[in-house]
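Build out the structure end to end from the sequences listed, making use of the hints.
This is what each chain is made of:
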Amino acid sequence: MDTSVLVDILQRYVFNVANLQGMLRLSTPVILAGLCALITARAGILNIAGEGMILFGAWFAVAGSYYTQNSYVGLAVAILSGLVVGGLFALFSLKFGANIIVMGIAINIFAVSATIFMTRIVFGVAGSFMHPNIQGFSPIHIPLIKDIPILGGILSGYTFPVYLTWLLVLLTTIFLYRTPWGIHLRAVGESPEAARTQGINVERVRFLSVMASGVFASLAGSYLSLGHMVGFFDQMSAGRGFIGMAVNTFGGGEPVGVFLSSLLFGLTDTIGFRLQGERIIPIYFISMLPYFVTLIALTYFTIRKAQVAKAVFKKKAAQAEAER
Amino acid sequence: MTYEIEMIGIRKEFPGVVANDNIDFAVRKGEIHALVGENGAGKSTLMNVLFGLYQPDAGTIKIRGEEVKFNNNLDSIAKGIGMVHQSFKLVPSFTVAENITLGHEPSKLGFVDKDAVRENVIKISKRFGLKVDPDSRIRDMPVGIQQRVEILKALYLLSDILILDEPTGVLTPQETDELFEVVRSLVATGITVIFITHKFREVMAISDRVTVLRDGKWIGTKDTKDTNPKELARMMVGREVLLRIDKTEANPKEQVLTVENLKVLDNRLQEAVRDVSLSVKAGEILGIAGVEGNGQRELVEGIIGLRTAVAGDIRINGKSITKMSVRQRRDYGISCVPEDRYVRGVALRASLEDNLIIENYDKAPISKGQVLNLKKIAQHASRLISEFDIRTPSSKVIASTLSGGNLQKVVLAREIDARPKLLIVAQPTRGLDVGSIEFVHRRILEARDRGAAVLLVSAELEEVMSLSDRIAVLYEGNIVGTVKGGEATEEELGLMMAGITDEGEDQRDSHSVEQQVSQEV
Ligand SMILES: Nc1ncnc2c1ncn2[C@@H]1O[C@H](COP(=O)(O)OP(=O)(O)OP(=O)(O)O)[C@@H](O)[C@H]1O
Ligand SMILES: [Mg+2]
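These protein sequences, in sequence, are chains A and B.
Numbering of the first sequence is given in this note's numbering, commencing with residue 1 and proceeding in unit increments.
Numbering of the second sequence is given in this note's numbering, commencing with residue 1001 and proceeding in unit increments.
Treat the hints as calculated values from the structure; they're not laboratory data.
Hints may be right or wrong, so weigh each one.
Restricting the straight-line Cα-Cα distance to at most 30 Å, the calculated cross-link-like pairs of lysine-lysine (BS3-like) are [to be verified]: (1) K1323/B <-> K305/A; (2) K95/A <-> K1089/B; (3) K1319/B <-> K315/A; (4) K1396/B <-> K95/A; (5) K310/A <-> K1396/B; (6) K315/A <-> K1323/B; (7) K1319/B <-> K314/A.
All figures in this text were calculated on a predicted structure; none of them were measured in a lab.
Now the structure itself:
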């Protein structure tokens, strides 16, 4: 195979504007799931309920949009559901002392059957619910930016939640490092005793962080059901809650880190879609791809990080050796 | 006369212990009131009740004559009470300034005003003469600095009542003197101070009155000028205490530890130990004196293997251990009591039993193959508990419920009991009461006489001088001099600790040397 063929393949399947757009679009729910994991992890809580909360968000977004035929109302309803589910989760695990892992698993399992059940009762269908009344988000073309060659194509033309997500990445960073609340949250996560003795209400901070995670998750859910697709499908969260935890870890608990590591997931997901059309590789393998690649990359970069730290130390040691 | 603080009939029970038993405690406005008592006597508990972190099972608290009920420490902070805790309550990844202002950040339009944070911290640091670098991260700071940050944290809130729970435990003598100046200036402005310490020197130097607790009970309150260390010791312990121990002549044998041209980096990858060579023989104690932060911690961690040496060689009985893992070194006969017991010495959430077998859990008779022998573990624990007089309701409690001093005894018990060839003890009596200090010193001497090589690192000159057979002074990562234990004088050591050696080769320009000397001697 000579290089021109390779370049051709790379262009076709990997590096083209459509793929970059796809990457940004498909990474959106992962970024949100990552922020959902981040906001609780930074408060010292291991929250595995993201998956279930995303699913609820997706369902309520569809319900809201179906009845009002307005995608933004759908979004608002989803956010509300996120606050309620997050609030209940916090109430049981933080206030009443239920084990937070068990509670998280319970929510994840409950979300699957509850949404199936509600779809059947409310909409009278099973498996999936699509209807012309459900309004999805429509793309927004940003004036000026959309006319820039190439870049315009990459930066403009997405739906509202995509832009909102970018904004949230920025806002979360500012929140964590520039506001008293964010500082309190980090202090609670790292050293609850220190926070408590300084008069910070540790329980309240944790409670609110779980509620915030519910909001992030429900945003992810509404993007899945009103942006990525239009309609509700059983288990449509498809593990993104867990991938969110992975990208958070990988991103070092930083919003920008979450953003960047989610792009990786988005990119493989997009490539997977392209390959699906070509029917070269078995479809199950392709659906596995984004998860698999994310996992491998996470492992690789984590090992790399340790190696870099070691290399710095080795260099110092060599210097010391050379000095004598 | 109304008291500033009145605690009446305070009772606080924990599972299996009555930490405070019907304690009456009254403090006058503007006084410095020392609170003393053995490890586990209930001092911290009483203060945590006053600070609102614990709710008493019985009793009342009055502040300025008004009865109060604190549901949490927000209530007590609102009443003007500030507390410096015995165990540091700091956020490691935060900067010094962020820690000091935590929970009370100056803000503008909802955003933290970072400049104001720094400036406020610099201001109070200047005002109280406690020097800190506002931008350093806590995790990179030696414990002495961390202690300062803790104190500044309480001062930042401008409390009317300041509780200091063993603030001098990790301070050098001159840092302690500086702190005393601060405390005196605070009292001059009308602040009331409660001061917990184990050092009678400090009680006598700073307090107006002193209250003694024993086994959770109030024993007595005295005017400081009407009492003396001997009487206080008797009130605390309930028997006569030797305030100084007699030591027999050392009988050194073969060389156990040899360190050659060791170089070790600190967390920031700076050279903390530059070029250290030393040796310790079986049956002798080598004391390392020096102002804290001159490489002591890195030296210890380098020898036990927590830090990799970037250059140099470490040998035990002639065999190089430089490349060995911590576990291998331990198996080779090294034990260590680290300076920071909360982080390195114990697993705070593990039980006392588990903490006591960390050293030998994989060896008979504690385990057989892969199976732990629970009965043996319990026996092992109760033997050490009684041998080392660890005050605890049972061997099953988790370590974090033990009082500070008793936690230290847990580490000592485990490490000394391993019967090492080389015993490293860093700040072994930090936070211990007089009775326990006497006891621990005797234990260290016993280990020596049994034939262990002992490396003693301590910021307490008195301790180094009374225990060591030889003393090496560490200054900026180098050993600037070694003297015989019996012959050293405090002045001589003090000069060396400031980096001035006999050969007159000053390590700094003369001006700063003068400053240093006047501070440190
Ligand atoms: N949170 C807790 N849970 C259970 N027991 C506790 C707890 N805190 C303290 N204790 C017990 O209460 C007793 C008093 O402890 P306290 O910390 O008040 O002693 P202290 O006088 O401050 O001692 P030290 O000088 O060693 O700091 C000890 O027996 C300790 O084990
Ligand atoms: Mg205490």
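Hint by hint, where does the structure go against what was stated? Just the numbers, ascending. 5
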